[in-house]
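Participant: Sequences are here, hints too, so could you generate the full structure?
Residue numbers (the numbering used here), protein chains in the order written: chain A, 1 to 266; chain B, 1 to 333.
These are computed hints drawn from the structure, not numbers from a lab. Be a bit skeptical, because a hint or two may be false.
[As the list claims (entries may be wrong)] One-sided and incomplete, this derived list gives chain A residues near chain B with beta-carbon spacing under 8 angstroms:
| hint | residue |
| --- | --- |
| 1 | A96 |
| 2 | D99 |
| 3 | Q133 |
| 4 | P136 |
| 5 | L142 |
| 6 | N143 |
| 7 | V172 |
| 8 | K174 |
| 9 | V230 |
| 10 | K232 |
| 11 | E234 |
| 12 | R259 |
| 13 | A262 |
The beta-carbon is built from N, C-alpha and C at its ideal position, and this holds for glycine as well.
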Amino acid sequence: MIEAKRLQIVVCIKQVPDAKSVRFDKETGTLVRESAAAVINPYDLHALEAGFGLREKLGGEITVISMGPPQAMDALREAVSMGADNAVLLSDRAFAGADTLATTRVLAAAINRLPGFDLVLCGKLTVDGDTAQVGPGLACRLNIPSITCVNHIDLEKEAMLLTRTYDDGQDVVKVKLPVLLTVNKSLNTPRLPSFKGKMRAKSLQIPVWGCAELGLEPAETGLAGSPTRVIKTEVVSFEAKKEMLTGTVQEQVNALLERLKAHGMA
Amino acid sequence: MTQKNTGIWVWCETHENAMTSVSRELLSEASRLALKRGTVTCALIFGSDIALLAKEAVSFGADRVYLVDHPALSSFNDDIFTAILTDLARQYRPEIILAGATDRGLAFIPRVATSLETGLTANCIGLDIREEDGVLLQTRPAWEGNLMATIVCAEQKPQMATVRPGVLKVSEPDHLRQGEVISVECNQEWLTTNIEIISSSRSINTGSSNLAEAEAVVCIGRGIGSGKNLEMAKEVAALLHAEIGATRPITDEGLLDKALQIGQTGVNITPRLYIGFGVSGAMPHVIGIKNAEVIVAVNKDPKAPIFEMSTYGLVADVNEVLPAMLKALKGEG
Ligand SMILES: Cc1cc2nc3c(=O)[nH]c(=O)nc-3n(C[C@H](O)[C@H](O)[C@H](O)COP(=O)(O)OP(=O)(O)OC[C@H]3O[C@@H](n4cnc5c(N)ncnc54)[C@H](O)[C@@H]3O)c2cc1C
Ligand SMILES: Nc1ncnc2c1ncn2[C@@H]1O[C@H](COP(=O)(O)O)[C@@H](O)[C@H]1O
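Facilitator: Spelled out as structure tokens, the structure:
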């Protein structure tokens, strides 16, 4: 089955702030963007690479999709310059403030609008949201199984043989297509954009789909379609009975050990 | 009329017919919340040959245990676990569902939440309940751990959250506690799946769990400098009966095993004593140590943030502190 087929692969990518370009201001409790630099979520680069590897072996087509503000177009163009065939930006004012439930609604609507799909690839998690919920949630909406934390893919005649890592072990599982995978960084090494790819990325027309194209009500998307709300944020502070030990290193060490003894700890 | 949702559910992950520690943490917390809310705590245990676990779940706070015991459940299967929990939640309508933010929990709980069209908060590190309306207050790190966000899902039921292992306090088990055990017949429909488990191995590497439960922890930060210092720090740890832990740069570089990483993306620890050697005290790291009783920091930079939260601070060079400590601990000082 897998052999004969040209795979239709969808890769979900998210644009995230470049960790190197943000600084946290403790006084104001806000994130200061030193520059507007944004990158593709690192895990998603591995999802893309997994798509490229499978396309090389089996033939097929890769479509990248991303829900985000208009700037997310840059992330899609980068994916095309690395080798993706098609891209769609999912962008609409109404999408802002989406939690994972609302995000999967938009992603699922977009995937269902594509001519068809055999495989959906996601990163294990995003470094900004850090939920790891979008992949499995999306699979649920698409009514297909999901396998998370994949770090090895083997192809068999009828199915994929996947190794997935857990915090305390690993499983090898066999699954037929269609399926959604979320991938670990150890799966592969992402490629760099090629010159040819960059040229193609420049000229490729990338459609933008909003509520109207996706047949969604604005109220189902973004903040309005999200059951969860952030009601409070606070700067983390820890109270401690602070004592700075003084003297020479030896004196400090001795003072420490005395105190630990008093706590019954040394 | 729609029936009201009641009860706090905990999905109890099992390992070789034992409950995982995060399951005990969640049951303890759920029963504290249930008391506040005036409702019941229910444990959900799926597995093969797990009947004995019901008693343990009750001792940690479950008032009711739903057991689904079937040979097909001996290893984790995303499809099957999703189907069972979703169906039971539809049938019994809990007010809250909690699960550990472990790789298995994170693999299927989002599917359950999506099926139920309800909100889910990932990787919480604190929970509370608003008594008047039963809204679950879910605290989790945001913005790379620099902020704590409180998240609610006020309009939809059940309210769902995954909670990081090692942050909630486990209660003393009460072996005399009584609870109701409900054996749920395994519905054949639940077992339909396209996922076939070929092999399943769980590492006996208890490195991480030792760390999570250690009484004392010596943490290695990037300031440790050399391999020689690392060996000395290990010796100090041995003399203090402490486990070794590390910050992310140390495990990223492969100097120590990934399982030893402490913090937001590693293990949360609750030792009586934590000593950090060359640890700066970045927020994602200290989130994992905030429950330590005594925090000791050794850092040559007096402005290092770790000093703001340490019980005892030594502004000193690890190159000098380590030999001095070894000497003193060996009684040669
Ligand atoms: C999403 C996210 C998740 C993260 N999760 C984690 C996590 O789970 N755990 C974690 O640890 N980190 C995590 N990090 C990384 C974290 O932000 C910090 O980068 C990390 O904790 C810093 O480790 P460190 O203190 O060892 O190193 P550094 O910050 O480089 O600090 C080294 C310290 O050593 C001191 N030093 C140097 N030489 C000496 C000497 N000779 N004697 C004494 N002191 C010396 C320096 O003054 C400095 O303060 C995460 C980051 C992100 C973005
Ligand atoms: N806005 C988005 N657009 C496209 N894909 C996304 C988006 N958000 C999350 N994803 C995908 O879901 C994965 C997990 O994200 P998260 O649940 O936010 O940790 C990511 O690695 C992406 O593959």
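Participant: List, from low to high, the hint numbers that the structure doesn't satisfy.
Facilitator: 1, 5, 6 and 13
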